[in-house]
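So the chains spell out like this:
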Amino acid sequence: GNSVTQMEGPVTLSEEAFLTINCTYTATGYPSLFWYVQYPGEGLQLLLKATKADDKGSNKGFEATYRKETTSFHLEKGSVQVSDSAVYFCALRGLNSGGSNYKLTFGKGTLLTVNP
Amino acid sequence: DTEVTQTPKHLVMGMTNKKSLKCEQHMGHRAMYWYKQKAKKPPELMFVYSYEKLSINESVPSRFSPECPNSSLLNLHLHALQPEDSALYLCASSHLTSGYQLHTEAFFGQGTRLTVV
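If you read the protein sequences in the order shown, they are chains A and B.
Read in the working numbering, the first sequence has 21 at position 21, and its numbers run on one by one without any break.
Read in the working numbering, the second sequence has 1071 at position 71, and its numbers run on one by one without any break.
Hint data in this document are derived by calculation from the structure and do not stem from the laboratory.
One should not assume that every hint holds.
Derived CB-CB ranges, DEER-like [as the list claims (entries may be wrong)]:
{"id": "1", "chain 1": "B", "residue 1": "P1061", "chain 2": "A", "residue 2": "K56", "range": "38 to 46 Å"}
{"id": "2", "chain 1": "A", "residue 1": "D54", "chain 2": "B", "residue 2": "T1002", "range": "24 to 32 Å"}
{"id": "3", "chain 1": "B", "residue 1": "V1117", "chain 2": "A", "residue 2": "K108", "range": "25 to 33 Å"}
{"id": "4", "chain 1": "A", "residue 1": "G1", "chain 2": "B", "residue 2": "N1070", "range": "32 to 40 Å"}
Ideal Cβ placement from N, Cα and C applies to all residues, glycine included.
Isolated chain A (complex conformation):
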């Protein structure tokens, strides 16, 4: 079946530090990959996506590249801000045995805290 493994953290950084959150996946075929962010007390926001190998998703200074050879989709940001403090979820949509991709498979989430 499909699965996502991401570093669980928590991750604590100082403002302007470099961020990497690792995400690797297992899936058949060619899944679509996503990063979602959840700020305290809120729902999930789609941060970025990639739908095929070597695609780079980017948004708000965050980037992630779909690496099929290493089955990875690591999230990076060059200079984090206090406002980036949140939980980050890596997720995939892949085909199941019935040929449908209705299910979003999530990693366990990584809590990021950025200190001023």
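We have chain A; now place chain B onto it with these hints.
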């Protein structure tokens, strides 16, 4: 506009009450979902509607009853809940591609924080 709107934001209900959660989207998405999220956990899928028809029920207890009145609205009716049902309930929606009916990226609402007392 990539907004999914959920009401209410907070709900406290007794174990004998009946209440409903509401969700609305105007993105033309034909797939809509209910998720349940417990603290410090990722969301768990409960139900999937495709073209206003229930297509997936992830073995959810019958005290949760979904309804999709039209392509923009999704409800979740709650009855005789238990304290362990307290959680954040998230609605989401996505496009369905033509042909293979594949689901694209999901957009989530802000959620309803439900407390069962």
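Hints, verified against the model:
| no. | hint | verdict |
| --- | --- | --- |
| 1 | B/P1061 - A/K56: 38 to 46 Å | 42 Å, holds |
| 2 | A/D54 - B/T1002: 24 to 32 Å | 25 Å, holds |
| 3 | B/V1117 - A/K108: 25 to 33 Å | 29 Å, holds |
| 4 | A/G1 - B/N1070: 32 to 40 Å | 34 Å, holds |
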